[in-house]
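Chain A is already provided as a structure; the job is to place chains B, C and D on it using the hints.
These are the residues of each chain, in order.
Protein chains: 4
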Amino acid sequence: MAIKLTIWNEYRHEKENPLVSAIYPDGIHAALARGIAPLIDVSITTATLDTPDHGLTETVLGNTDVLIWWGHKAHAEVSDEIVERVHRYVLGGMGLVVLHSGHHSKLFRKLMGTTANLKWREANDKERLWVVAPGHPIVDGIGQYIELEAEEMYGEHFDIPEPETLVFVSWFTGGEVFRSGCCYRRGKGKIFYFRPGHETYPTYKHPDVLRVIANAVGWARPAHSFELEVVPTPPAKPLEVLPPR
Amino acid sequence: MAIKLTIWNEYRHEKENPLVSAIYPDGIHAALARGIAPLIDVSITTATLDTPDHGLTETVLGNTDVLIWWGHKAHAEVSDEIVERVHRYVLGGMGLVVLHSGHHSKLFRKLMGTTANLKWREANDKERLWVVAPGHPIVDGIGQYIELEAEEMYGEHFDIPEPETLVFVSWFTGGEVFRSGCCYRRGKGKIFYFRPGHETYPTYKHPDVLRVIANAVGWARPAHSFELEVVPTPPAKPLEVLPPR
Amino acid sequence: MAIKLTIWNEYRHEKENPLVSAIYPDGIHAALARGIAPLIDVSITTATLDTPDHGLTETVLGNTDVLIWWGHKAHAEVSDEIVERVHRYVLGGMGLVVLHSGHHSKLFRKLMGTTANLKWREANDKERLWVVAPGHPIVDGIGQYIELEAEEMYGEHFDIPEPETLVFVSWFTGGEVFRSGCCYRRGKGKIFYFRPGHETYPTYKHPDVLRVIANAVGWARPAHSFELEVVPTPPAKPLEVLPPR
Amino acid sequence: MAIKLTIWNEYRHEKENPLVSAIYPDGIHAALARGIAPLIDVSITTATLDTPDHGLTETVLGNTDVLIWWGHKAHAEVSDEIVERVHRYVLGGMGLVVLHSGHHSKLFRKLMGTTANLKWREANDKERLWVVAPGHPIVDGIGQYIELEAEEMYGEHFDIPEPETLVFVSWFTGGEVFRSGCCYRRGKGKIFYFRPGHETYPTYKHPDVLRVIANAVGWARPAHSFELEVVPTPPAKPLEVLPPR
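Protein chains in written order, with the working numbering: chain A, 1 to 245; chain B, 1 to 245; chain C, 1 to 245; chain D, 1 to 245.
Chain A on its own, in the form it takes in the complex:
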């Protein structure tokens, strides 16, 4: 059965910066949709910041198995209410793939509990993402590394909880390294953070990058039809006979 995938994009750079719109004329979300669709059985919805509820209504989220998140310059404009809502769906079982500068989104920081701070530099570093978890479903079809001729640099220390599985570690020309593919579970939901994708580079047209994102969507898919968690308020009945108090 097709995975119900929702791709969320801030969609500002593409409308404001000609350099970016030249690469992604229809937006990063459209490029991702085009790139992923042939690789995995998905039905895709897109959603962007400047629409009601940022496009993330209860109806949309209730019909989402996996959500991809790309944001950068407008993290602060994402409403707290929507962040709470998406957070609730992730804990309930919705998969989440956070891309690149999404590390600083309210959503990712709330899920991690840390600042998610890092070093960065826009200087056309070469990035080489080494696979450190061969055999993991997210690297199916990927060789020993992915090479990106030019990308923004992200460097350690990256302030995140220890990943449950570390899948990629990046090498950069300027001398830095970065944990660039990180798996987590929170509640019933699976989360994958994937580093590459600065808006001024055609990274989301790179076949290996698209392959990894498609694999991550498959990996993060809920194991079963999930339901939102209900707080267990009443006292739990004992399952064994308790002695009289």
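Worth flagging that the hints you see were computed from the coordinates, not collected in a lab.
Just so you know, these numbers come straight off a predicted model, no measurement behind them.
A couple of the hints might just be wrong.
Any copy, or any two copies together, can satisfy a pair, since identical chains are not distinguished.
As the list claims (entries may be wrong) - In silico lysine-lysine, BS3-like type, Cα no more than 25 Å apart, as pairs:
#1 110 - 4
#2 126 - 237
#3 73 - 106
#4 237 - 73
#5 73 - 110
#6 15 - 205
#7 126 - 106
#8 110 - 205
Relative to chain A, chains B, C and D alone:
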């Protein structure tokens, strides 16, 4: 050098419920202070909810190596500003020991990124905390298990991230189990969640419980004089020569 | 495409103990095969100790996606050569599901690096396996817990490395707990240890137990067609220009 | 109380290769002893391959809190019996610090359960070890990274179990990365693998490298006076009343 320990207590039950004040006439914080002091080299400060800044001023936190947190019925009354402040200190390196119902505190939920929901029952269950990480510094001096004749039951599923180290698993008479001793690192800070300690039981007078809390304080102590994290805003200079753009 | 599943069974108790043969007249392997087949798309081979190569030839292993292992009284009779061979296939990507007393097999101990010692008692304890990782594919279709009216008791401390994901924790009538569902990755292979299944109980006819084993087979399936690891002996050529020595 | 530290060295290169003996005239073990002694309260014993029991008698191990292991070309000459013995002490609680090419020692492979294979190259790569776990006791006194002007390259994929805590990630000039500081617990013992230290470079004279090794010795020290594990053979008596069979 003595560890600078601050014990934070909500301190409401003890003033409102005669059953509790009979056990902890000076408050849970005072009982903890008395119980821990002989076990480890500490200088202890206490702080409670109903004081300015809940007793957790920048000055107090700046002089704290490890913070113990006990709260239950008034989590909502802890100000968001103080939660942000304490959170910042934990990420900066301050150790944190969260006790019992502190699982639902704003602070712990913010650090975990999950609901921290669980099952519960007040019915005098016996609790037996089994050591599953022998050799860990937190169980120094503890046998194979700790037995508490009567306690509140906490049962799985406990909605927390996978612990980095699971130290205790509890057995309850009524048929439940619980991950009752859980280690995490967030930022530069170490966090230990320890389950026992419902206010209507004399749990914080039990020598093994006090031993574990004292050990946890030693374990959570910052490795070195810590400093608050500064967001690395400017672009990072390359450490190797970059080719011209 | 059907998962190529090989079920390995020591197959001694069933031939020597009437109590066991009454429950599993064709052997535990046959009962597992019958129970799993309707639940997941598999093509099943079985193999037993008292056949050439214990039934685990290079041909058989080369045609195995996932191997189930049940052994108990004859661990020492499994040849070291076959253990080395199976170990090599696991590191190469073959999934492995180790059941019950398989914890003390040469294979599991070799993969864990520890003794895998534990406490045990045959006394008809009730076992209740609590799900501590809801949302994990291995518990798809399982409720909050699985209840087994009578089983052998296994108790902590269980001498294993910290599981990468802990899926089940067991409660026993006699007062013990046990980490009874444990996920690991070693090399490219995934490993799941699952506790229940003493030979004198009809545990492998319980629908939830079979459901978990079938789920585990699906989870442990190699992400992609795997190849055996080749030791990288020659010096690696640099990917960037090195300065002259 | 001083930590009882035993430094084990293969001690062959230093006697056979003038290049190495020029750097370490008394052996790597002696250089390590000289470098660590001023940094932490230790009483040091050294042991080498070409002595009875490789210097690792029951008496020596019984008086060892932490063992450092350096080996390279003669892994195969370490007797299986001594490997079993040391393994037993690690599981019993003795700390272990494995250096550089010790990754391929029988001991480390036995503890990991994997091949510990990796890529390598001797070509004077610069190595920069980035701290990815700031606040961890092993990086006390270390800045954001350690820089080594020339070292042997070790590259991913490094075939090890997912580290419980990843402390360092290395960058190499030639374009590779490596998980170069890895923490594990096995049984009651703590294990730290630390990458640098090829015999043809003066790495063990570098103050930061020595600082890390000394910190690791402090971290790996047993929490309490440890005893060797005894296999729990007899059935465990129930702690609660069992119903009649």
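We went through each hint and held it up to the structure:
Taking CA atoms no more than 25 Å apart as the test, residue 110 paired with residue 4 passes inside one copy only; the shortest distance there is 24 Å, against 29 Å between copies. Proximity of residue 126 to residue 237 under the C-alpha cut-off of 25 Å is restricted to the inter-copy arrangement: shortest distance 15 Å between copies versus 59 Å within a copy. In this assembly of identical chains, residue 73 and residue 106 lie within 25 Å of each other by CA distance solely inside one copy; the values are 12 Å within and 28 Å between copies. Taking the closest pair of Cα atoms, residue 237 and residue 73 come within 25 Å of each other only across two copies (22 Å); inside a single copy the shortest separation is 50 Å, beyond that limit.
Within a single copy, residue 73 and residue 110 get their C-alpha atoms as close as 18 Å, and across copies as close as 24 Å, so both meet the 25 Å cut-off. Taking CA atoms no more than 25 Å apart as the test, residue 15 paired with residue 205 passes inside one copy only; the shortest distance there is 19 Å, against 56 Å between copies. Neither within a single protomer nor between protomers do residue 126 and residue 106 lie at most 25 Å apart by alpha-carbon distance, with minima of 29 Å and 38 Å respectively. Taking the shortest alpha-carbon separations for residue 110 and residue 205, neither the intra-copy value of 30 Å nor the inter-copy value of 36 Å comes in at or below 25 Å.
The structure fails hints 7 and 8 (numbered hints given earlier, in ascending order).
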